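Colleague: Once you have looked at the hints, place chain B on chain A.
2 protein chains.
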Amino acid sequence: MDAKMLLVDEVRLTPILISDPPLLNVQGVHQPFTPRLVVEVITRGGVSGLGETYGDGVYLEIARPIAEALPGRAVTDVNSLFALTASADPALPAAEGGGVDVDASIDAGGLRGARTADKLRLSVVSAFETACLDALGKSLGLPVHALLGGKVRDTVEYSAYLFYRWAAHPGAGPTDDWGAALDPAGIVAQARRFDRLHGFRSFKLKGGVFAPEREIAAIRALAEAFPGRPLRLDPNGAWSVETSLAVARELGDALEYLEDPASGTGAMAEIAARTDVPLATNMCVTTFEEVPEAFAKGAVRIVLCDHHYWGGLHRTRELAALCRTYGVGLSMHSNTHLGISLAAMTQVAATLPGLDHACDTHYPWQTEDVVTPRPVFRAGRLAVSDAPGLGIELDRTALATLHRRWLDDDGTLRDRDDAAAMRVADPAWRTPPVPRW
Amino acid sequence: MDAKMLLVDEVRLTPILISDPPLLNVQGVHQPFTPRLVVEVITRGGVSGLGETYGDGVYLEIARPIAEALPGRAVTDVNSLFALTASADPALPAAEGGGVDVDASIDAGGLRGARTADKLRLSVVSAFETACLDALGKSLGLPVHALLGGKVRDTVEYSAYLFYRWAAHPGAGPTDDWGAALDPAGIVAQARRFDRLHGFRSFKLKGGVFAPEREIAAIRALAEAFPGRPLRLDPNGAWSVETSLAVARELGDALEYLEDPASGTGAMAEIAARTDVPLATNMCVTTFEEVPEAFAKGAVRIVLCDHHYWGGLHRTRELAALCRTYGVGLSMHSNTHLGISLAAMTQVAATLPGLDHACDTHYPWQTEDVVTPRPVFRAGRLAVSDAPGLGIELDRTALATLHRRWLDDDGTLRDRDDAAAMRVADPAWRTPPVPRW
Chain A
1 MDAKMLLVDE
11 VRLTPILISD
21 PPLLNVQGVH
31 QPFTPRLVVE
41 VITRGGVSGL
51 GETYGDGVYL
61 EIARPIAEAL
71 PGRAVTDVNS
81 LFALTASADP
91 ALPAAEGGGV
101 DVDASIDAGG
111 LRGARTADKL
121 RLSVVSAFET
131 ACLDALGKSL
141 GLPVHALLGG
151 KVRDTVEYSA
161 YLFYRWAAHP
171 GAGPTDDWGA
181 ALDPAGIVAQ
191 ARRFDRLHGF
201 RSFKLKGGVF
211 APEREIAAIR
221 ALAEAFPGRP
231 LRLDPNGAWS
241 VETSLAVARE
251 LGDALEYLED
261 PASGTGAMAE
271 IAARTDVPLA
281 TNMCVTTFEE
291 VPEAFAKGAV
301 RIVLCDHHYW
311 GGLHRTRELA
321 ALCRTYGVGL
331 SMHSNTHLGI
341 SLAAMTQVAA
351 TLPGLDHACD
361 THYPWQTEDV
371 VTPRPVFRAG
381 RLAVSDAPGL
391 GIELDRTALA
401 TLHRRWLDDD
411 GTLRDRDDAA
421 AMRVADPAWR
431 TPPVPRW
Chain B
1001 MDAKMLLVDE
1011 VRLTPILISD
1021 PPLLNVQGVH
1031 QPFTPRLVVE
1041 VITRGGVSGL
1051 GETYGDGVYL
1061 EIARPIAEAL
1071 PGRAVTDVNS
1081 LFALTASADP
1091 ALPAAEGGGV
1101 DVDASIDAGG
1111 LRGARTADKL
1121 RLSVVSAFET
1131 ACLDALGKSL
1141 GLPVHALLGG
1151 KVRDTVEYSA
1161 YLFYRWAAHP
1171 GAGPTDDWGA
1181 ALDPAGIVAQ
1191 ARRFDRLHGF
1201 RSFKLKGGVF
1211 APEREIAAIR
1221 ALAEAFPGRP
1231 LRLDPNGAWS
1241 VETSLAVARE
1251 LGDALEYLED
1261 PASGTGAMAE
1271 IAARTDVPLA
1281 TNMCVTTFEE
1291 VPEAFAKGAV
1301 RIVLCDHHYW
1311 GGLHRTRELA
1321 ALCRTYGVGL
1331 SMHSNTHLGI
1341 SLAAMTQVAA
1351 TLPGLDHACD
1361 THYPWQTEDV
1371 VTPRPVFRAG
1381 RLAVSDAPGL
1391 GIELDRTALA
1401 TLHRRWLDDD
1411 GTLRDRDDAA
1421 AMRVADPAWR
1431 TPPVPRW
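Sequence order for the protein chains is A and B.
Okay, so the first sequence: first residue is 1 according to this note's numbering, each after it adds one.
Okay, so the second sequence: first residue is 1001 according to this note's numbering, each after it adds one.
For the record, the hints were derived by calculation from the structure and aren't laboratory data.
Note that the structure is predicted; figures quoted are calculated from it, not measured.
For each residue, glycine too, the CB sits at the ideal point set by N, CA and C.
A few of these clues could be false.
As the list claims (entries may be wrong) - Per the computed footprint, the stretches of chain B lying under chain A, defined by three or more beta-carbons under 8 Å from a beta-carbon of chain A, are:
1) 1065-1077
2) 1129-1142
3) 1147-1161
4) 1281-1294
In isolation and in its complexed conformation, chain A is listed as follows (with noise of 0.2 Å):
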């Protein structure tokens, strides 16, 4: 291997815009469309690799310096990436009305704790060093796993992400035949349906929309249609500390753990400190400077790690070390990606010994993706790919499409903005100060 085909030649970033069902949570609800980044690093031996992170508007700002540093600087060096942000300086969203507003200063979209400019910079980075990786891996014909020590198992295990959704968006939009899941009968025939098209063995329903009754409901019904299997109730910090204990109280015997009952590390920790329930976040401990605090509080006993926003692979595992060191088990958070991100995970997932839970994946909720042929869960598990890099292969005409799709969109779409998109279907919606219940 020549070192100088190692060099990166060009860097191509598109931004996409791609369909997502109307999937609810404490926010508002999932647009029709979604905006994603795609970035490919191709070196000067001509390969190709793939990134993906967030899409919004903020990311893309960033995303266009490093995409300008990187070329002539060699594949390998992933350490180095996140200094090529310094001189990003994303404008943070001000607080709707210029007050302090819950909905402002968390992600609008992505719902994994406060905003800040180093959580982007990170978020930016992360695809940049999935994409190096790739490439990497793709010259060498070696799985990105081997760049990373090598796999300790040959599966990833995934969960299932239920939804309680719509039938159709309000607006316009994709439609899809899942029809609408609102109370627990819907939620139940949702998971059949997962259970049946992948094989998942544990759920995981997204919480936060309806009362902690009704939600409480749809896991004592999910307890009963698949007895034994490993549930999971995310209401995304909805709760106050006695309904996230009360909670605890009903579901104690049913729940694998319980995510984010309560907003902040503090509410978790006097949450962790009078249950015997797991808590699980990705919302408190989102970032390496919110560990030390979070685990010496015992707040939580599971990290839901997330490479993008962690700052990329080599990270999600360093993480994984913080967790195993201080005892504190580790599975994976997922928000809406395609197949690119899908690898990645299973890639890095792959090297982790400590992984002791199933993955997060909002996957099988997409319809769309920019890799071909799709990524297939068998007893709700993927292989994990031997192939050089990320085993993916990138669909051009489907990333044109989607970029397409970008382009004529007149703006409305390129921030993802859940709570925007409910008042489509209630003009007076306003994400809801948390705690809400």
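Modeller: Chain B only, in chain A's frame:
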């Protein structure tokens, strides 16, 4: 790259004895020859990778089953190496006289905290991991740092490692022209020679040999001879809390840090709470298991990592991430080692953004090596090699000579024992219990 070419074809374990000067420490004196183990991993592609670790019998015992299990596995598979040690059940040394004896519960030559089976296993795994990474890098034409995410610096700074020493070993052994260094003038002369030869900017004195007032005087003399240069003192846990605090008061203005003044996390925490002098350790934090308590108690401000006993280069990076997350500084520990380990230290150090202090290295005391050419320090720094693998070549003639010495040894030197070496001069010597002062 045909993946089959990365499969291990053969593993060679070569125990050697390397000459070592009569350097003094709390346990006794360095033996005239010290055991090391050289690990060679040869791929089906005919590429040989090198690793190095402790060479005492117990390490050899653990290494053999790993060496047997490796053929047919890929050199990319380093995350799963530790699992190969499960069958190894090393015999831990019994306490001398059968009682509870500090002398036996800590590593007789390494001064690196309590000896445990896991720590021994990790120390062996690290040599195989390094050898695999070297072989992988050579096979791919990439430096090891590129296999760890790429370097973030082009040179790595090392510190001069000053020792109280005798002019010659009490019995037979190698000789040199350094002469004795048993007082402040001798230490300053040694430092001047290190400065002249290698350009080291910072100096570490191995203490715990004489009463603290004598070692304080040596540091004072160094501070006068080298104003403004970083100085460190390491008595290997020989002092009580009160003595440690007294030394800290005396030397507070002169020290970069005080290393392991007292034994154990509890004592270190007590000292840390009562002085502003930063404390460093390679004795109370030597495994991931020991991290949480030490960090929670604020026992150390700097961890001296050592890829040998932390389990390899990947784990060194994980420790670095832990330290970064908890705001703890990072440097590197060193024991008697050859150019293989020095190259490994330099490669991984090059990838660590938070390496805040010059690394220790024992290497300048080693007149023999199995790599060629010898690495050269300039202004106290080593250039980070961009050559494939570790960037070193094995000198098979030298290896054969040093192995022959090991074969010819009657067993007295095959297990490093600084107390036994001291008994050659002083038959009544027993490693003093700590705190000694």
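Colleague: Would you list, in rising numerical order, the hints stated earlier that this structure does not obey?
Modeller: none
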